Amino acid sequence: MAVVVTSTFVKPRLMAEAPLRATQDPRWVRWLLTGTALVFLAFFLLLPLVAVFGEALRRGLGAYFAAVGDADALASVKLTLIAALISVPANVVFGVAAAWCIAKYSFRGKSLLITLIDLPFAVSPVISGLIYVLVFGAQGWLGPWLIEHDVKIIFAVPGIVLATTFVTFPFVARELIPLMQAQGSEEEYAAITLGANGWQAFWRVTLPNIKWGLLYGVILCNARAMGEFGAVSVVSGHIRGETNTMPLHVEILYNEYNFVGAFAVASLLALLALVTLVLKSIVEWRHAQAHAA
Amino acid sequence: MSLLRKQHSVLPGFGLSLGFTLAYLGLIVLVPLSAAFLKTAGMSWADFVAAVASPRVMAAYRLSFFASLAAASVNAFFGLIVAWVLVRYAFPGKRIVDALVDLPFALPTAVAGIALTAIYAKNGWVGQWLEPHGVKIAFTEIGVFVALTFIGLPFVVRTLQPVLEELQPEIEEAAASLGANRWQTISRVLLPELFPALLTGFALSFARALGEYGSVVFISGNMPMRTEIVPLLIITKLEQYDYRGATAIAVVMLTASFGLLLLINLIQKWSRRHHRV
Chain W
5 MAVVVTSTFV KPRLMAEAPL RATQDPRWVR WLLTGTALVF LAFFLLLPLV AVFGEALRRG
65 LGAYFAAVGD ADALASVKLT LIAALISVPA NVVFGVAAAW CIAKYSFRGK SLLITLIDLP
125 FAVSPVISGL IYVLVFGAQG WLGPWLIEHD VKIIFAVPGI VLATTFVTFP FVARELIPLM
185 QAQGSEEEYA AITLGANGWQ AFWRVTLPNI KWGLLYGVIL CNARAMGEFG AVSVVSGHIR
245 GETNTMPLHV EILYNEYNFV GAFAVASLLA LLALVTLVLK SIVEWRHAQA HAA
Chain L
600 MSLLRKQHSV LPGFGLSLGF TLAYLGLIVL VPLSAAFLKT AGMSWADFVA AVASPRVMAA
660 YRLSFFASLA AASVNAFFGL IVAWVLVRYA FPGKRIVDAL VDLPFALPTA VAGIALTAIY
720 AKNGWVGQWL EPHGVKIAFT EIGVFVALTF IGLPFVVRTL QPVLEELQPE IEEAAASLGA
780 NRWQTISRVL LPELFPALLT GFALSFARAL GEYGSVVFIS GNMPMRTEIV PLLIITKLEQ
840 YDYRGATAIA VVMLTASFGL LLLINLIQKW SRRHHRV
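Chains as they are written, first to last, in our numbering: chain W, 5 to 297; chain L, 600 to 876.
Some hints could be false.
What the hints assert, rightly or not - Which residues of chain L face chain W? A few of them, derived with a C-beta cut under 8 Å, are:
| no. | residue |
| --- | --- |
| 1 | M657 |
| 2 | Y660 |
| 3 | F664 |
| 4 | L668 |
| 5 | V686 |
| 6 | E772 |
| 7 | P830 |
What the hints assert, rightly or not - To spell it out: a stretch of chain W is covered by chain L in this simulated footprint if at least three of its residues, at any positions, have a beta carbon under 8 Å from a beta carbon of chain L; those stretches are:
| no. | segment |
| --- | --- |
| 8 | 42-53 |
| 9 | 163-172 |
| 10 | 199-208 |
| 11 | 245-257 |
These are computed hints drawn from the structure, not numbers from a lab. From a predicted model like this one, the values you see are computed outputs, not experimental measurements. For glycine and all other residues, C-beta sits at the position ideal for the given N, C-alpha and C.
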């Protein structure tokens, strides 16, 4: 009781006289730095985002919905969805397989393998498209054979899917590898010892453990897959209504001075970016909660 | 050791998962990338030099290099402030600001490109106020710099944040109790601790800027010798069916990017050793 009395008695005096703690900055420094950071972010991040919606709605809602509902715009939405629906699952399967062999076993050349998986991030998007032209293009390695068998890859949908897969290649793997390495293999050993086979151990033990990391990788992978511009631009051939993804359609409309149309399609991609950021924050939050529990 | 190896072999799926990983990596990444190097290997040295060192290409290297350097430097400076503010201070809306930092990762580059052009063109949101003072941003080198700053922004913040969060308050308290003032604590104790992460973020931002295409092409105006970046030259050559020329420039860029990747790995290795000591 006495302790409580002294502490309530002493505390206010201490607080009033206490100098700044060693890890605290004076108030004016806090204000200055926070202000600088917010002004910088407002100019470089918020303003472009607001500009997309502002320009899209410049001629009113009618013009906006007419631009979004245009047949070529809808075709570009469809192609973007197709490219993402193929490349994202492919990279999920790869990411899980790569993380499984890297996290669960020890073998030589592992760090080289991890570096090679990250390689596509170091390649300029334009070059990511170019290398597929060199393999599948009319002048490329397989070009003559493909022409003979009437298979179109470059300037067609398969090329777009391949280029998208390349630029989004590391996303899932690089999320899962450190996560599964940190989790170790004890739980899987226990499952195997109790009579589970490998697939059962994976589906019932590993997958529930990595689900948030996996979802996080999928969200990032999908955002890049739907938004990729440079790589897809090289392999697409820009045929309206056929090989234009949404970012390419934005470019075509913009270059035709159809600014409302360009910004209307761009606003859909900006909405996708916002949804991505929200989902990402939710997953980070859930993951932190799961860790704390 | 032998126990460890035995334990490892208990878990099935090694051959399947490694086999699939290597096959997929080879088909999607390694074989197509090697096509660029093999195509260039078929060129004579004189042709190669003519393709990668013509005045127009040299001007593009210069622009890409210096604009990326300027953008990465600005990002290092402001990224440090943003990361510091997000980790150390409390203010309303902090979680939203924190999430928004990733916008350049999530927003398609083409969208960023046309948005920045709409802002900085001479009749644009900001451009109309600068134009009367003779400041032009869109369709100049400054426009390239602005776009590269936008796309490189998250790298520095996101590499610094975890390091800042893990810094023990004890080292600052120790410095203060030994008589250091706040500025001495920051410049002599905190900044050296943060330096490897800051350098990594700078290098990542710089590497990303070198290869960037989508956000730059709209705002740069693409004038030969003045505002053409290297990736645009590759596209231009491809459109002229000059596949060899395009590939030769691509090989120069790939070599630079892989060198940077190696450098970033070395910095991280060095910083890990630095931390262990």
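Now for the hints, and whether the structure bears them out:
1. Given the 8 Å rule on beta carbons, the hint for L:M657 is violated: about 18 Å separates it from the nearest Cβ of chain W.
2. Annotation: interface hint on L:Y660 violated; nearest CB of chain W at approximately 13 Å, more than 8 Å.
3. For the restraint placing L:F664 at the interface with chain W, the shortest Cβ-Cβ distance is roughly 14 Å, beyond the 8 Å limit, so the hint is violated.
4. With its C-beta approaching chain W no nearer than about 17 Å, L:L668 sits outside the 8 Å limit, and its interface hint is violated.
5. Look at L:V686: its Cβ only gets to about 11 Å from chain W, farther than 8 Å, so that hint breaks.
6. The criterion of a C-beta within 8 Å of any C-beta in chain W is met by L:E772, whose closest approach is roughly 4 Å, and the hint holds.
7. Taking 8 Å as the C-beta cut-off, the interface hint given for L:P830 holds, the closest approach to chain W being about 4 Å.
8. Residue count for the segment 42-53 of chain W with a Cβ under 8 Å from a Cβ of chain L: 9. That meets the three needed, and the coverage hint holds.
9. With 3 residues having a Cβ less than 8 Å from any Cβ of chain L, the segment 163-172 of chain W passes the three-residue criterion, so the hint holds.
10. Counting residues of the segment 199-208 of chain W whose beta carbon lies closer than 8 Å to any beta carbon of chain L gives 4, which reaches the threshold of three, so the coverage claim holds.
11. Beta-carbon proximity to chain L at under 8 Å applies to 5 residues in the segment 245-257 of chain W; the threshold of 3 is reached and the given coverage holds.
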